[in-house]
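Trainee: Following the hints, put chain B in place on chain A, whose structure we already have.
These protein sequences, in sequence, are chains A and B. Counting in our numbering, the first sequence runs from 1 upward without gaps. Counting in our numbering, the second sequence runs from 1 upward without gaps.
None of these hints come from the bench; they were simulated from the model. A hint or two may mislead.
[What the hints assert, rightly or not] Incomplete in silico selection of chain B near chain A, CB under 7 Å: (1) V80; (2) A81; (3) Q152.
No residue lacks a Cβ here, since even glycine has one placed at the ideal position from N, Cα and C.
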Amino acid sequence: MRALVVDDSRTMRRIVGSTLQDLGFETEEAENGAAALALLEDGLQVDLACIDWNMPVMDGLELVTRVRATKEWRAITLMMVTTESEQEKIVRALAAGAHEYLLKPFAPDALRDKLDLLGMLPAQGGAA
Amino acid sequence: MSIAPETFAFVADLVGRRSAIRLEPGKEYLVESRLGPIARERQLGLDEYVRRLRAGAPEDELAVVVEAMTTNETSWFRDVAPFAALSSHILPLLRAAGATDRVRVWSAACSTGQEPYSILMALADAPLPVEVVATDLNEQVLARAREGQYSQLEVNRGLPAAVLVRHFERVGAHWRVRADLRNRVQFRRHNLMDAPPPGPFDLVFLRNVLIYFDLPTKRAVLDRVARALRPGGFVVLGAAETTLGVHDGFERVEAGGAVLHRPLREPRVAAAAPTAVPVPAGGVPAPRGLPPAWPPPTSTRPFAAPTRPVPVQTQPRGVS
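One chain only, chain A, in its complex shape:
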């Protein structure tokens, strides 16, 4: 399974990426929504995208909306990973097409729990 980590913070990309790698994912990174779209348009195949909300150039909600609007990318599971914790924001993200929503800060187990809910834990993943 391959995951795309979209976040403008290099530190956060590293944290999310290494947690996913521990669970058995291959990971790719993008620093904003536009960069992520460019990778997908170039043919990058991913099963999961973990997406921050607030990013320059193109934010996470816009990215979710664009991905959901594109037929070829319908199979990608989209999870917002963000500090935006207002109920209304979560509802907006789900309405736009995000499958899950993880609030920052989070423990590695919380990311694992979300992937478990989505049925996305690779069989050989290093389960905690």
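Mentor: Relative to the frame of chain A, chain B by itself:
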């Protein structure tokens, strides 16, 4: 890090005397993980902290230790499978076995409430009333459970976002279970050594608690739980737990990816025979009295990634 044998022996004895929870050799990791942070708060190593306890400690401090050792880590929809199967598979079995007017669930050792609330959330659209009695030994965790308020870190643990926005409301930096759900759980203090709360129950969640007991106590607890069940009812154990080698009075039944345990005894009160069959290779047959075709188990996940976005009422209004 490993702990000194006398550290473990002291904690095991203390906890055993005060809670009937038996910490057998091999559970040293549990002592480290639960008491390590407390010792660090007091700027001591774990062995040194326990050495001071042994030399004489105030009652409050011993209570802190027992509390830390008996409070279960808990997350929403823990183990996933029993909750995924609740509405689609387990509920039809219970209805076929006679639970036609309501379903009564006992969440035993409910800790801070995630389990009873998860049960109600999973059955939020059930076609009949669901009553949950939730018990724990520990008054402090029960108080938290009743309050139903959780930190952001806690709601991150296994709670689907769509469920969060449906069943919780923001209270400052926390999230609180909505009152309609909170009011449907009856919380009460209970020791698993004592007679069960007034039943009967259709379903008993007894997860990840037997591991703390020695074998005779495990048997005694399972005996009591079996007597609290309505004929045709089930016990749900933790994902890694089994009655095999512990109690031969149960049979294993699979339903929608969840493993259930049903008492073998004949019902004392005449009632329709349970219709589920013991384990099976290939899934669970339709029970009598229900339409033969339920949705087949396409997934063991309750909230597997949908092919379409999760429907919610608010429309997106552009970006922030």
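Trainee: Does each hint fit the structure? Answer for all of them.
Mentor: Hints versus structure:
1. V80: With Cβ-Cβ at 6 Å, under 7 Å, it holds.
2. A81: Check failed: Cβ of A81/B comes no nearer than 10 Å to chain A, outside 7 Å.
3. Q152: holds (5 Å)
The structure shown violates just one earlier hint, number 2.
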